[in-house]
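Asks: Take a look at the letters that make up each chain.
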Amino acid sequence: MSGRVQYKRGVRVSQRHGAGEWAIERVALLILMPLGLWVAFSAYGLAGAGYEAVRAWFANGVNATLACITMVVFCTFASLAWKVIVEDYIHQPRNKALLLTLVNLVFLALAAASVFFIVRLALGSAPLPAGIGA
Amino acid sequence: MSAPPPAADPTNEADLDQTGRFVRQPNGHVRPLSPHLQIWRWHITMTASILFRVTIGAISFGALIVLGWLAVLACGPDVAARFDALAGSPLGLFIGFGLTLVLFSFILNGTRHLIQDTGAALQLKPANLLSHIAVWGPIVLAVLFWAGLFASGRVSL
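Chains as they are written, first to last, in this note's numbering: chain S, 92 to 225; chain G, 10 to 166.
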């Protein structure tokens with residue numbers, strides 16, 4: 092894989108996975124643009140609507156599916172974007188590796204937990220035992 | 010990209026320079042000091058670029074708040090009512106306004122980034138226009154968003 096210098100339209104192609112990550116980041120951002128508008132639209136509709144309205148909204152399969160896609164694609168984008176930020180400012184190999192691992196873990200957990208809660212809401216599962224604010 | 014400095018300008022000669030733009034490297038070589046933030050005139054394209062990074066940071070925390078909201082909803086109506094009371098408080102509304110600001114900033118600035126990633130709109134005029142939209146647009150949209158919510162009576166202080 093590495094070692095072979097290639098060019099595409101006069102621009103040197105990265106020898107390892109850099110170009111692929113760059114492309115994934117762009118595709119994820121492109122998908123997030125219409126989803127972002129949908130989030131804004133949905134937030135406007137749900138603001139001050141009350142618990143039952145929100146439950147009904149999540150019970151709609153289209154909303155639940157789009158919400159899951161939004162969170163997963165966002166976490167994909169954000170982990171790559173944070174990777175670029177970390178690589179720009181953190182130069183010590185050890186700290187860099189540590190932070191990149193942390194970033195990946197945080198967004199993996201965020202995506203998994205979001206999907207878990209959204210699926211529960213969509214299926215109308217019984218309320219979880221409240222540890223928050225109890 | 011970066012054109013070599015014109016040789017006729019004596020201030021570009023390291024041994025004639027009195028501006029401190031050249032530094033002696035540890036190996037003894039004299040090298041021009043690379044320009045940094047403080048010598049650039051502040052420009053809207055620069056603002057938009059920096060704000061996109063800030064936006065990505067902010068929207069990541071916004072996603073954590075969304076996760077908290079999802080968790081609260083999954084815990085049933087009693088816990089959700091507590092969250093709603095918090096969200097409806099002045100501090101909650103302030104954070105809510107910030108979240109919409111960040112969301113619109115993400116959409117507008119992300120669109121600017123995607124357009125310019127294709128190599129389009131990098132000339133001065135379109136780049137300035139896109140940057141102005143990305144910097145000021147979110148404020149306008151967020152204010153309209155909340156003006157609509159307050160006007161329709163669904164949110165109140």
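Hints listed in this document are in silico derivations from the structure and should not be mistaken for laboratory results. Hints are supplied without guarantee of correctness; some may be wrong.
Here are the computed distance ranges between Cβ atoms for each label pair [unchecked claim]:
1. G:R30 / S:L199: 28 to 34 angstroms
2. S:L137 / G:L73: 16 to 22 angstroms
3. S:V102 / G:L100: 47 to 53 angstroms
4. S:I160 / G:Q132: 33 to 39 angstroms
Residues from chain S that keep clear of chain G, each with C-beta distances beyond 10 angstroms, as calculated [claimed, not checked]:
5. R117
6. N151
7. T192
8. I209
According to the in silico footprint, chain S covers these stretches of chain G (three or more CB under 8 angstroms from chain S) [to be verified]:
9. 33-43
10. 157-166
Given the structure is predicted, the values throughout are model-derived calculations rather than measurements. Yeah, the Cβ is synthetic: ideal placement off N, Cα and C, and Gly gets one too.
Asks: Does each hint hold? Answer for all of them.
Replies: Results of checking the hints against the structure:
1. G:R30 / S:L199: 28 to 34 angstroms: Violated: the Cβ-Cβ distance is about 46 angstroms, outside 28 to 34 angstroms.
2. S:L137 / G:L73: 16 to 22 angstroms: holds (19 angstroms)
3. S:V102 / G:L100: 47 to 53 angstroms: holds (49 angstroms)
4. S:I160 / G:Q132: 33 to 39 angstroms: Between I160 of chain S and Q132 of chain G, where Cβ atoms are some 35 angstroms apart, the hint holds.
5. R117: At about 6 angstroms from chain G, R117 of chain S fails to clear the 10 angstroms cut-off, so the statement is violated.
6. N151: holds (14 angstroms)
7. T192: Non-interface label on T192 of chain S holds, nearest chain G Cβ at 16 angstroms vs cutoff 10 angstroms.
8. I209: Violated: least Cβ distance 6 angstroms, not greater than 10 angstroms.
9. 33-43: violated (count 0)
10. 157-166: Coverage by chain S holds here, the residue count being 4 at a Cβ distance below 8 angstroms.
Checked against the numbered hints above, the structure breaks hints 1, 5, 8 and 9 and satisfies the rest.
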